[in-house]
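Novice: This is what each chain is made of:
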Amino acid sequence: MRASLFITCYNDTLFPETGRAVVRLLERLGVEVEFRAGQTCCGQMHANSGFRREAFCQARRLVRMYADAEAVVIPSSSCVAMIRDQYSGLFEDLGDEPLRREFAALAPRVYELSEFLIDKLGVEDVGAAFPHRVTYHASCHGLRALELGERPFRLLGKVRGLELVRLENPDRCCGFGGTFSVKNGGVSSAMLAAKLDDVLRTKAEFCTALDNSCLMHLGGAMHRQSQGMKTIHMAQILASTEDQPAESMQ
Amino acid sequence: MSALAEHEVIDRPILDPALAPPFPVAALPLLRNTQLRGNLAHAIDVIQARRARLVEEKTDWQALRAAASQIKDEALENLGALLEQFEERCTRAGGKVHWAADAAGARKIILEILREAGVDQVIKIKTMTSAEIQLNPFLEASGVHACETDLAEIILQLGDGEPSHIVVPALHVNRGQVREIFARRMGIEHLSDDPKALTEAARNYLRQKFLTVPAAISGANFLIAETGSVVVVESEGNGRMCLTLPQTLITLAGIEKVLPRFNDLEVMLQLLARSATGERMNPYTSLWTGVTRGDGPQRFHIILLDNGRSSILARKTGRQTLRCIRCGACMNACPVYRQTGGHAYGSVYPGPIGAILTPQLEQMRHAQSLPFASSLCGACYEVCPVRINIPEVLLELRARVTDEERKGLSRFFDPMYIGLRAAHAMFSRARLFHAAQRAGRIALGFFTRRDGWIHSLPGVGAKWTVSRDLRGLPKQTFHEWWQGRTRGTREQRRYRA
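Quick mapping for you: the protein sequence lines, in order, are chains Y and W. Residue numbers for the first sequence follow the working numbering, so the first one is 1 and each next one is one higher. Residue numbers for the second sequence follow the working numbering, so the first one is 251 and each next one is one higher.
Fair warning: there could be bad hints in the mix.
[As the list claims (entries may be wrong)] Using C-beta positions, here's what the derived DEER-type ranges look like:
no., chain 1, residue 1, chain 2, residue 2, range
1, W, P533, Y, P108, 47 to 53 Å
2, Y, A104, W, E362, 55 to 61 Å
3, Y, R201, W, T542, 55 to 61 Å
4, Y, A107, W, T542, 55 to 61 Å
5, Y, A193, W, G690, 26 to 32 Å
6, Y, L94, W, G738, 37 to 43 Å
7, Y, L94, W, E334, 33 to 39 Å
8, Y, E102, W, T341, 54 to 60 Å
9, W, W349, Y, A193, 48 to 54 Å
10, Y, G127, W, Q733, 44 to 50 Å
Since the hints were derived computationally from the structure, they do not count as laboratory data. Where a beta carbon is used, it is the ideal one built from N, C-alpha and C, also for glycine.
Can you make the complete structure from the sequences, with help from the hints?
Specialist: Here it is in structure tokens:
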């Protein structure tokens, strides 16, 4: 099995440790990982800000870049949701039928990380160890667009030493929403405060998710308030073993 | 009268899209209003819990949603023919059907009917459509007092407030505040805040209106093309009073309210009550067809209102907005609405549905900040009983706002616009993207503290650092790490060879 890693623009720039963890995890599971150097962004930021033409160009770039990939693995549920929910419409509306067909052929081979592990590789126990108290934040896109359901819990359930604490109001948004967090900074901050209350109430050491954007938001508030809790992408938990614990816990 | 003036609410929210401030600005005072946000969260939690329980017990909920959206789509597909069918059947049953292209037209028709009936007072059932056309202030200025009879609407009318929700308009007002308003405006000296006492006060106030005012105005939940009937659902029975006691009844209905068949109600009524108030069935469902001799209103007028709806009908993505049955479930589920309440939306239609409906009703001339007032979390779509993909419509509207901005000069002064255009240039070539990452690392380095975090940023960045820190950019991007790694392995291979 050969997996092509689409790291996403913000993981590449802000969270390289997540990418390193995905590589380590997949290689440990016997997957050959490749990384195509020309990759940039899936177009989500532009599509969600009303810049459809720009999003179209980035979508086209991505589809062409991975046309021959065996599987594309993306450690970000919102980027996978962008590809699945918006690409077809963009190609249809901006009139590129061959591209739409090309995308239709690629789409079934695009996986969010937990989907790839459970649906494609068929593993739940990835041999990880992470002896900490952890709570899981279901990002809105993972929850509603990808319908990841119990997948993250099945993976976390098999991690040695991990104590999982369920979050209250698990379906409530953290208030990030991309440019929403800046355009509507006040409302976004209020949503964040409400979410953070629920997260902190778990008294977990770590809050994890399958999307670093929510974690950047929650982690930023935790750091501002000097809370002891930290955020960590689930890839880093799953990559962690007794011999090699997770690196760089922010 | 001086006592009234003294109590006038300062900072009265503006629910006129043409005049209201943009959403982020309108939201600020509301975010600071802890009393309002407390009332709101409490009320929403109660409704949400009831709804969740009753939806869970319906094993065919998803099938009902699918059926409802199909029925509404079919109605929208054949809207012209169905409205004409409704007109024909309603007229045959003794009703008088009027067509209004816009708000001014509808107001004029209503006033003429009231003048002809020779009344200076009219009682009203809660109707969002009449709020949409700003009917009450218009009638007041024309010498007709419109008297609300829905309990929540009475609270708002007497308290000089504005609705913040389409189903529970006084959601933001708590019991103590209701007591204060009733005591002051009804002149009751010792009034407790016991719900029973408050209801009793409202009942006494209303009874006198019901028995004396000879004309009523209602909205409509559904119109049935097949029979020419009108359907109004409500919880209190005050609506039923308005629909049966006066001699003249005027109904104002948006053209999208029409359903093809009587049987379609079977689907719609199951969804509506559960979604709106968390009840299996709403307490009062009134159905009537034209005029019945010697029973109920003897003069029945219905105004079919367009007011921007046919322009929505013409939109490919936006059309689904017209499926809305005004249940309010989207606002109860919305994490944005939960923080601000309805007044921030600058329209009588707040919440996620308002964020897509208002700008479209305004034909994108106003309310352009509303499509951005969402984190796109999708909770609204999940609960919508007629499956309106609100996030999808929000995105389409955002694109329309951006396309408009592309034509104007303001784009040169909008840091968001400039930033996104620059980001696009970067994302089009990996080499440029990588150069920008390196430049960003240097630039943000100036703001990064010794602990590796950024605590404050200038310009647009300040809107992030208002409540959140930002981790400084790592020394190495992922692709730099990968390059180093593969170079390493190649060298190792060579070495081994």
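Novice: Look at the Cβ atoms of Y/R201 and W/T542 and judge whether their distance stays inside 55 to 61 Å.
Specialist: Cβ of Y/R201 to Cβ of W/T542: about 59 Å, so the range 55 to 61 Å holds.
Novice: Between W/P533 and Y/P108, does the beta-carbon spacing fit 47 to 53 Å?
Specialist: At roughly 50 Å between Cβ atoms, Y/P108 and W/P533 fall inside 47 to 53 Å, so the hint holds.
Novice: CB of Y/E102 to CB of W/T341, is that within 54 to 60 Å?
Specialist: Once the Cβ atoms are compared, 56 Å apart, the range 54 to 60 Å for W/T341 and Y/E102 holds.
Novice: Range hint 44 to 50 Å: satisfied by the CB atoms of Y/G127 and W/Q733?
Specialist: Check failed, 28 Å falls outside 44 to 50 Å.
Novice: Should the hint that Y/L94 and W/E334 are 33 to 39 Å apart at their CB atoms be regarded as holding?
Specialist: Hint holds: Cβ distance 38 Å, inside 33 to 39 Å.
Novice: Does the Cβ distance between Y/A107 and W/T542 fall inside 55 to 61 Å?
Specialist: Holds - the Cβ-Cβ distance for Y/A107 and W/T542, about 58 Å, lies within 55 to 61 Å.
Novice: Note whether the CB distance of Y/A104 and W/E362 lies within 55 to 61 Å or breaks it.
Specialist: holds, 57 Å
Novice: Would you say the C-beta atoms of Y/A193 and W/G690 sit inside 26 to 32 Å of each other?
Specialist: Since the Cβ atoms of Y/A193 and W/G690 sit about 28 Å apart, the hinted range of 26 to 32 Å holds.
Novice: Taking 37 to 43 Å as the stated bounds, is the beta-carbon spacing between Y/L94 and W/G738 within them?
Specialist: Given range 37 to 43 Å: holds, Cβ gap about 42 Å.
Novice: If I claimed the Cβ atoms of W/W349 and Y/A193 lie 48 to 54 Å apart, would that claim hold in this structure?
Specialist: holds, 49 Å
When the structure is compared with the earlier hints, a violation turns up for hint 10 alone.
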